[in-house]
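Visitor: Listed here are the chains, written in short residue letters.
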Amino acid sequence: MAKHETPLLDQLEGGPWPSFVSDLKHQAETKPEVYDILGQLELSYKDRITHWKHGGIVGVFGYGGGIVGRYSDVPEQFPGVEHFHTIRVAQPASKYYSTENLRKLMDLWEKHGSAVTNMHGSTGDIILLGCRTEALEPFFWDLTHEMGQDLGGSGSNLRTPECCLGTSRCEWSCYDTQETCYHLTLHYQDEIHRPAFPYKFKFKFSGCANDCVAAIARSDISVIGTWRDEIRIDQAAVKEYIAGNYPSNGGSHSGRDWGPFDIQKEVIDLCPTECMWMEGDELKIDDKECTRCMHCINVLPRALRPGADQGASILVGAKAPILDGAQMSTLIVPFMKIEKENEFEELIEFIETVWDWWMEVGKNRERVGETMQRIGLNNFIKIMGLEPIPQMIRIPRENPYVFWAEEEVEGGFDRDIDEFRARHAA
Amino acid sequence: MPLSDDELKDAICEKAAKSPKPQLYIKDFYKCDPDSKPRKIKNVANELVREGRLMFWSSGSTTMYADPSRIQNEEKNR
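So the sequences go chain by chain: A and B.
Those letters in the first sequence? Residues 1 to 426, per the numbering used here, in order.
Those letters in the second sequence? Residues 1 to 78, per the numbering used here, in order.
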């Protein structure tokens, strides 16, 4: 494979940021097919159109996910990228690697593919970019047999579940996100590797409402740690913060002089539900009004901790803006115990109720959040067998219309819709 | 009454062979037997893939099923 002239791409090396162009040029010194990535991309910039064809029947036997077909539509000019399939490899929980594992994985990818990687894709997988069709099965054999690793999800499958660092490094984590993620990954192997759904489906597990994996913004079921008792307060530590002896926010803003710490301005006035106040030199919290936003705990980590009765809130329906605009997930279950002892039974039951309904009612290429929107939250809540609660509603009393079902009204009511329409045309 | 697994397999293969488009969503197979649960239809379709009587076709974001001879011809002409 020859080196191509790439004047347009070369401009991307000039700015202050690290450049993927420089990285690819470096890679091409040992993997000459990478020159063809640069050549084809330069052509795309000139033609203002992509020269990748995506999708196809490529995969490894028995798996309906983990490989995304990618071909060049100008293979005569760029034979090195004639086939350039993407492989998704499941990441370990919280992305803890040993350097030995990473070296082995890179050696394997040098052997079978282009050696170009994306650590990590937005679902969290290790993304390996650029494999010829005939190398897919040998790569998969070595990955599974030599390294004991597996492919991740793609297509209409359950995507590789993802979690924050959880209790491994974070004192705020309200449940063991890694254990939950690992258990459900094993429990749902079939759904990860073989398509089951109308469209993609994602779980993400965050240990607290800081939501370090952005579960609320991008997962169909977001499991976000919370507590149902009171925030634990160490009043002596509160005094130390007020006196300026402890740095606020764990010192994370200490690169600049922000002036003396002001608990009223930086904590109490920023509480979204205004449930905090000072009584003398003691900080008080009306916990029943607390919305678990984590702000006060983030600012005063040595003084405040999540409550001791811990579990998670379950939210449903987030997605990125591919078809219908971005959507955050909606709170459905305010509190659920997330426990290894019962093998996460309650969470699994919830997940499968959502799936059974969505597999039947969801349209092709419709995310579960879009199906919820289409049928209405009130209907979704009924299907899930839940009682409505105020926390499910983003803006109370926004909609003045209340549609009562007959069984919801004491004594019921008779209604003859034909007789009504005879007097009031639709 | 739901079809037996073998009857359902035949109905799915027939649908894949005769549909106007070679790639079909899993939901397209639901009509093969309205009495079978979606999860059973998914399991049977995946078993057909293991038997080599169906193939997966994936765009990356969506996975579809296809009759192997039809889709292989289609892929050659892409």
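A hint or two may mislead.
[Unchecked claim] 25 Å max Cα-Cα, derived DSS-like pairs, lysine-lysine: (1) A:95 <-> A:111; (2) B:76 <-> A:53; (3) A:288 <-> A:337; (4) A:363 <-> B:9; (5) B:15 <-> A:363; (6) A:382 <-> B:27; (7) B:31 <-> B:9; (8) A:31 <-> A:111; (9) A:363 <-> B:40; (10) B:9 <-> A:104; (11) A:363 <-> B:31; (12) A:363 <-> B:21; (13) A:382 <-> B:37; (14) A:284 <-> A:239; (15) A:53 <-> B:21; (16) A:363 <-> B:27; (17) A:239 <-> A:104; (18) A:363 <-> A:337; (19) A:363 <-> B:76.
Read the hints as simulated data drawn from the structure, not as lab findings.
Quantities reported herein were computed from a predicted structural model and do not represent experimental measurements.
Visitor: Confirm or reject each hint.
Guide: Here is what the structure says about each hint:
| no. | hint | in the structure |
| --- | --- | --- |
| 1 | A:95 <-> A:111 | holds (23 Å) |
| 2 | B:76 <-> A:53 | holds (13 Å) |
| 3 | A:288 <-> A:337 | holds (19 Å) |
| 4 | A:363 <-> B:9 | holds (23 Å) |
| 5 | B:15 <-> A:363 | holds (19 Å) |
| 6 | A:382 <-> B:27 | holds (24 Å) |
| 7 | B:31 <-> B:9 | holds (13 Å) |
| 8 | A:31 <-> A:111 | holds (10 Å) |
| 9 | A:363 <-> B:40 | holds (18 Å) |
| 10 | B:9 <-> A:104 | violated (42 Å) |
| 11 | A:363 <-> B:31 | holds (14 Å) |
| 12 | A:363 <-> B:21 | holds (18 Å) |
| 13 | A:382 <-> B:37 | holds (21 Å) |
| 14 | A:284 <-> A:239 | holds (13 Å) |
| 15 | A:53 <-> B:21 | holds (19 Å) |
| 16 | A:363 <-> B:27 | holds (8 Å) |
| 17 | A:239 <-> A:104 | violated (52 Å) |
| 18 | A:363 <-> A:337 | violated (32 Å) |
| 19 | A:363 <-> B:76 | violated (30 Å) |
The structure shown violates the earlier hints numbered 10, 17, 18 and 19.
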